[in-house]
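S.K.: One line per chain: the protein sequences are R and W, in this order.
Sequential numbering of the first sequence, starting at 1, is according to my numbering.
Sequential numbering of the second sequence, starting at 1, is according to my numbering.
Heads up, a few of these hints could be off.
[Stated by the list, open to error] Beyond 10 angstroms from chain R on every Cβ pair, some chain W residues (computed):
| hint | residue |
| --- | --- |
| 1 | Val19 |
| 2 | Leu25 |
| 3 | Ala75 |
| 4 | Pro85 |
| 5 | Arg103 |
| 6 | Leu129 |
| 7 | Gly131 |
[Unchecked claim] Covered stretches of chain W, going by a simulated chain R footprint (3 or more residues, C-beta under 8 angstroms):
| hint | region |
| --- | --- |
| 8 | 51–57 |
| 9 | 227–234 |
Keep in mind the hints are simulated off the structure, nothing from the lab.
For every residue, glycine included, the Cβ atom is placed at its ideal position computed from N, Cα and C.
The lines below spell out each chain.
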Amino acid sequence: MRPLLAALGLLLAWEGFVRWSGTPPFLLPAPIRVATVLAERWDILAGHAVTTATEILLGLLIGTLLGIAVALLLTAWRGGRRWLLPLLIASQAIPVFAIAPLLTLWLGFGAASKVAMATIIIFFPVATAFYDGLRRTEPGWLDLAATMGASRTAALWRIRVPAALPALASGLRVAAAVAPIGAVVGEWVGASSGLGYVMLQANGRSQTDMMFAALAILAAMAMALWFATDRLLRALLPWQPDALSEHDGGTP
Amino acid sequence: MAPGLGVSLPEIRLGGRAVLSAATLDFAGGKVTALLGPSGVGKSTLLRLLAGLLPLPAGARVAPADGAPLAGRVAWMGQQDLLLPWLTLLDNVCLGARLRGERPDQPRARALIAAVGLEGREGARPAELSGGMRQRAALARTLMEDRPFVLMDEPFSAVDAPTRHRLQSLAAGLLHGRTVLLVTHDPLEALRLAHRILVLRPGPRGAVPEDLPMPPAPPLRAAHDPAVLAAQAALLERLAEAA
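Chain W on its own, in the form it takes in the complex (with noise of 0.2 angstroms):
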């Protein structure tokens, strides 16, 4: 099981403007946490903080329970699949090791292509794959990383609602037991697939994080469970009313 995850943040402003209020976050370990909020109140910048594309602030603090330091432990999946037009299928999954100068672990890469479902199309270049393919291939990659802690900044939002069910249904199972942190616009997604979902509601001094009551099932919860449902339409109004 992965370790929790305590963040402690000063108020985070950019450009001038107020993006994150001073806040305290811990993120229970092996659990999802799934962030919400409207566009522009700082969820991206969280997670590019955390993800050490950001520099932290002064008085920032980031610290996984185990005490060891977070840099080099996270693994990141973002909108886009962002797979290298030029590597196949297979190589894209072993990016990471390739570029520390690593040698790829192939057979694990190989056993995660076929668990993502993409057995037989190691070889293929990306532009062969469809939409879906792709996203289930940065799926495979980011958990080639094997990192305790994931990062997810709307991995599945650039493809069809079908298409996304699948996706989370297959990424509930993969990611069981890793740290995740998962930025959604989503309110289903949020609801199917997280432990603890926090709205980021904006203020006048920056965002300020909310906890939302959850339903009573554990995830990945059916979409077609009444209280799913019912806090699927209470989230919605929630999210309504922040914007």
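Excised from the complex, chain R in its bound form (with noise of 0.2 angstroms):
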């Protein structure tokens, strides 16, 4: 309650601002104005929304999988680690921003570059952060693995991989918050639909209420996203300690 509260009284200070100062609306469009603009123009909205939403949610999934199977590699063969790791840095080392014309050309217009956009982004947090997890397991637990006759796979499995649940979680909420970004900047460099590409083309008109309009449908998904992420994240690991430590405080 108390963050919608929040989100009003910025609004409401962002209305009044406008009003006093009588900035032009293409400068910066009033909040009521956006919303009159989101709802009128809500049929042409509605269908990029969907675009962009499909490449945000291909591309996490695609991201995350890949991210997963990387950092089991990573684990699971020695050989891996020293191979793969540094491949794995470097490539984070480029901007995505400086590829993206490169997806484009290669990948074409459509969905497929700015999905793969998104699947740069989001692979790195979850393969690093899983990786992390798995590397950081009880000494303990696989000691006493060790004494029970477990074989490497069966501790890998059911020791190994359960007790990093949480940390491939903490990349998956920061996987889901980064989402949008490659779906965005990948509709900004070439594309004929999708939430990016209304961003774009209403700039270039100074249709600035237009712009704002996307934007915030926009975020709007970027924080369902991360919401829904985490509440599913929640549910899946009840064991998780700071899931129980931090949920205490009463609903973010």
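Two chains, two frames, some hints: make the complex.
M.R.: What follows is the structure in structure tokens.
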């Protein structure tokens, strides 16, 4: 409830500032004007929102699966650490913005280049968080497993992977928060639909209110995605210690 | 009755420092042997060697009295309960079978859970259990492995004194007939539970094991037995000297 009130207060202050200062709408449209555009142009915006949401969700799915696979590979295969880890870090040294035009060139103006972009952005936090979690298994658990005659594979799947799930969950939360960036950057570079495309077009025509409307949808989607991911992870990992201690203070 | 265990070790050095002098130790079958000594003297190293968690140094010999190898016949209980937070109590007790890909013997697990006084809590996760309950769960998990040799590394040091007292009484009954090596810092624990007490005294060439005279009564000894109390005082002084 409190976050909603804070947001409402912010919107009121914004509306008040625009009316008091007489800022022209092409510089800063008031929230009510943005809401009106959002309602009037909803039929157009909704289609673009679906495009972007699809790209984000596909990128999240592929990036997560890829991140999990790489983390497991790095853990299970000793050589992988020496060969793959430097490559993994180097891949993140290249800014996504820089390769966005290349991906568009290779994969076209359709959804593929945006999904690839989102995947690249999502993959890294998932892979590093999960890999870190897999490396930090309580040594006592592994000793216990060894005295019980567990194979390396059994120790990996029954102890190290479940123990690393909370770490994977934090990686997924970060991924859910940054996922929209990849899709929107891709749409900026070259697209024929999507919220990023709408924003670029609206910006070119000084339709700042339309740009804010698209931004509002994008922000709402990003927040919904984050909260959905968070709720899902808390439900799946009820034994996670931070979920117990953090959640005592009421709903966020 | 579990077989005895003969161990002869060369001098063991860890990081250039001698931790255990060359020694030949015989642990009687079906009896509890307590290992005491100052921190860093190599008690845990010895236990980890026997548990197969450290590679045996060249020249070492570990021979159960029945001639069969030791590997795969050892159960281990550590200082922490090491319960897996995502498993229920029942699944934690059955952990060994799950890890080996065997079907867990659930009725036996339930019986052991009842034996350690946790009946009715089978579905509880470790976070819902108190420290003493968790340690009892760890004891049930150790017994579930049903191995003739049991290695215990300060198993009750993390719980408060009255809980420890109750856990010792419980463990003495449940471990009966197994060959137990108990590493502890608590002289009273050793005197209550052990048939024999070895004190590891640090020497220039590593720690030297020394036998301690035991009170006449068999374990589990009463804490108020005058012979136990006298032995406890003597043991305490000896440990203070050794450190």
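S.K.: Confirm or reject each hint.
M.R.: Hints, verified against the model:
no.: 1; hint: Val19; in the structure: 18 angstroms, holds
no.: 2; hint: Leu25; in the structure: 20 angstroms, holds
no.: 3; hint: Ala75; in the structure: 7 angstroms, violated
no.: 4; hint: Pro85; in the structure: 5 angstroms, violated
no.: 5; hint: Arg103; in the structure: 15 angstroms, holds
no.: 6; hint: Leu129; in the structure: 12 angstroms, holds
no.: 7; hint: Gly131; in the structure: 16 angstroms, holds
no.: 8; hint: 51–57; in the structure: holds (count 3)
no.: 9; hint: 227–234; in the structure: violated (count 0)
In this structure, the hints that do not hold are numbers 3, 4 and 9, in rising order.
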